[in-house]
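Trainee: The residues making up each chain are set out below.
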Amino acid sequence: MTPDPQAVTDQASPAFKPLTLTSLRRYIFFTLAALILLGPAPGQLFGKHSPWLREWVMYSGVGVGLPKGVFTVHDASGPVAEYTPLQAAGLERYPQIVHYFFETRIFEDADLTRFAANTCEALLPGQHLSFDGVVGTRKGWVPMPVANLCPQTEDAP
Amino acid sequence: MKNGQGHKIVHAITQWGPEATGSTRAAGLMRIGLGVIALIRFGNELAPYAINGLIGLSLSVLLFGFAFTTILGIRARLSVAGLGATIMLLYALGLNGVGLVTWAHHHVYLLGMACLLLSLCDCGKSFSVDRMRALATQGRVRPPAEFGALLGQRLIALQLSALYFWTAVDKSDWAFVSGQRLEQTMTWVHSGRVLEFVLHWPALLALASIIVLVVEYWLAVAILLARWRPAAIAVGLAMHISFYLLLPVNTYSITVIVLYLALLDPAAVHRFIDRMLGYPEVAR
Chain A
104 MTPDPQAVTD QASPAFKPLT LTSLRRYIFF TLAALILLGP APGQLFGKHS PWLREWVMYS
164 GVGVGLPKGV FTVHDASGPV AEYTPLQAAG LERYPQIVHY FFETRIFEDA DLTRFAANTC
224 EALLPGQHLS FDGVVGTRKG WVPMPVANLC PQTEDAP
Chain B
13 MKNGQGHKIV HAITQWGPEA TGSTRAAGLM RIGLGVIALI RFGNELAPYA INGLIGLSLS
73 VLLFGFAFTT ILGIRARLSV AGLGATIMLL YALGLNGVGL VTWAHHHVYL LGMACLLLSL
133 CDCGKSFSVD RMRALATQGR VRPPAEFGAL LGQRLIALQL SALYFWTAVD KSDWAFVSGQ
193 RLEQTMTWVH SGRVLEFVLH WPALLALASI IVLVVEYWLA VAILLARWRP AAIAVGLAMH
253 ISFYLLLPVN TYSITVIVLY LALLDPAAVH RFIDRMLGYP EVAR
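Residue numbers (the numbering used here), protein chains in the order written: chain A, 104 to 260; chain B, 13 to 296.
In case anyone wonders, no lab produced these hints; they're calculated from the structure. Check each hint, because a few of them may be wrong.
To be verified - Subject to a maximum C-alpha distance of 25 Å in a straight line, what follows is the list of computed SDA-like cross-link-like pairs (lysine to any residue): (1) A:Lys-171 / B:Lys-20; (2) A:Lys-171 / A:Asp-212; (3) A:Lys-242 / A:Glu-211; (4) B:Lys-20 / A:Tyr-130; (5) A:Lys-151 / A:Lys-171; (6) A:Lys-242 / B:Val-201; (7) A:Lys-242 / B:Ala-220; (8) A:Lys-171 / B:Gly-290; (9) A:Lys-151 / B:Leu-101; (10) A:Lys-171 / B:Leu-101; (11) A:Lys-242 / B:Leu-101; (12) A:Lys-242 / B:Leu-258; (13) A:Lys-171 / A:Val-183; (14) A:Lys-171 / A:Gly-236; (15) B:Lys-20 / A:Ser-126; (16) A:Lys-242 / B:His-202; (17) A:Lys-171 / B:Asp-185; (18) A:Lys-242 / A:Gln-147.
The task is simple: from the sequences and hints, build the whole structure.
Mentor: Shown next as structure tokens:
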């Protein structure tokens, strides 16, 4: 019987079975295939995250921390003006940056104050600002109504 | 399952995967495409005007060096492996906060992995300086065959399938199906812009979300099955072009579109190029 011309053998150690190039290709293929197909499973199914097992969750966090609703300026007589979130933040549109670099994303009530800081600064004595709406989270929109966003106006008449 | 059937399935899988051989033209085109995408993605971040220090210079030399040799096909497999390794190094630097945070994004990982997997193909046997050298050595009377191992091309197909499957898994919740997550994304991207009106149609966003979810699960399987592949490629291309127009996806969509070459029958790609160049058809 002629030897396998593709055999990669360690002649000095007969205990090892010859590893043919065919076998090597199969090991490489099935190892990489398993890594590619199952690599995201620990993180995406069981929450065991590893940077080297890439999870495919593209755009899942984009929009998290943004408000949807109405910012309203009130005075003693009642509501006097309504603003969209962009107007309340003093923006024409959200910046073209990676979303998580947007510093005024909202995760708690206090963040709404930072978001609407421009509007808070422009309030006249006796006015206060409220928010009636929802904020984006990974689980969808979550209600976050706040009656008075600008603490310095709390004691205003 | 009978033992004979099991052997047949194992045989079919090994023939499709680790033992795959065929025309190298699709792999050659992918090599050029990925090299160009790498230049576009990192060019303005690693060009000499944008870098500082020895590490920046080293990354610049590696990226530009390997990208150009990849595109030209000079020691093509080594070059595309080097380019993939460089991109994965940038990915690691991004993950660890040493490089730009955007280097740790999914489109960078996909590009790096695709280059590494492509290096497992004979991607230098077509459209390359390597081929020109082989022609010069062997002569044009009996030109070297554009034929070789395609193991890496099959792994790229599996990578695309896994990408569709796991991104669909991530979307399989009420927040996505109800259109809320898509609305959040659109709020960030389109508020105050020309397509802002879509935010006023939550039902449309919910419908679009369900379509995307169903299509991604379907693509995960359909791209691997010859019977469904033509439809899958058409639907997938439409989806990725939509992503490209509606979302700032960077090089993600164009990378996936280039990688669709891995889904095509290599012999069909070969014949198509022959027809385009006016060559007589030769069975492959």
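Trainee: None of the hints should be skipped; say for each whether it holds.
Mentor: Results of checking the hints against the structure:
Of the supplied pair hints, the one linking Lys-171 of chain A and Lys-20 of chain B is violated, its CA atoms being roughly 57 Å apart against a limit of 25 Å. A hinted pair counts as satisfied when its Cα atoms are at most 25 Å apart, and Lys-171 of chain A with Asp-212 of chain A qualifies at roughly 14 Å. Between Lys-242 of chain A and Glu-211 of chain A the CA atoms are separated by roughly 15 Å; this keeps the pair inside 25 Å, and the hint holds. Between Lys-20 of chain B and Tyr-130 of chain A the CA atoms are separated by roughly 19 Å; this keeps the pair inside 25 Å, and the hint holds.
Restraint check for Lys-151 of chain A and Lys-171 of chain A: the C-alpha separation of about 32 Å exceeds 25 Å, so the hint is violated. Taken as a hint, the Lys-242 of chain A and Val-201 of chain B pair is honoured in the structure, with Cα atoms around 19 Å apart against an allowance of 25 Å. For the hint pairing Lys-242 of chain A with Ala-220 of chain B, the CA-to-CA distance comes to about 18 Å; that is within 25 Å, so the pair holds. Distance restraint check for Lys-171 of chain A and Gly-290 of chain B: the Cα-Cα separation of roughly 59 Å exceeds the 25 Å cut-off, and the hinted pair is therefore not satisfied.
Taken as a hint, the Lys-151 of chain A and Leu-101 of chain B pair is honoured in the structure, with Cα atoms around 23 Å apart against an allowance of 25 Å. The suggested pairing of Lys-171 of chain A with Leu-101 of chain B is violated, with an alpha-carbon distance near 39 Å, which exceeds 25 Å. For a cut-off of 25 Å, the pair hint linking Lys-242 of chain A to Leu-101 of chain B is broken: about 33 Å separates their Cα positions. Restraint check: the Cα-Cα separation between Lys-242 of chain A and Leu-258 of chain B comes to about 22 Å, which is no more than 25 Å; the hinted pair holds.
Under the criterion of a C-alpha separation no larger than 25 Å, the hint pairing Lys-171 of chain A with Val-183 of chain A is consistent with the structure, at around 20 Å. Between Lys-171 of chain A and Gly-236 of chain A the alpha-carbon distance is near 6 Å, which keeps this suggested pair within the 25 Å criterion. A threshold of 25 Å between alpha carbons decides the hint, and for Lys-20 of chain B with Ser-126 of chain A the separation of about 18 Å falls inside it, so the pair holds. Taking the CA atoms of Lys-242 of chain A and His-202 of chain B, the gap is about 21 Å. The hint holds against a cut of 25 Å.
Between Lys-171 of chain A and Asp-185 of chain B the CA atoms are separated by roughly 21 Å; this keeps the pair inside 25 Å, and the hint holds. This hinted pair checks out: Lys-242 of chain A and Gln-147 of chain A have alpha carbons roughly 15 Å apart, not beyond 25 Å.
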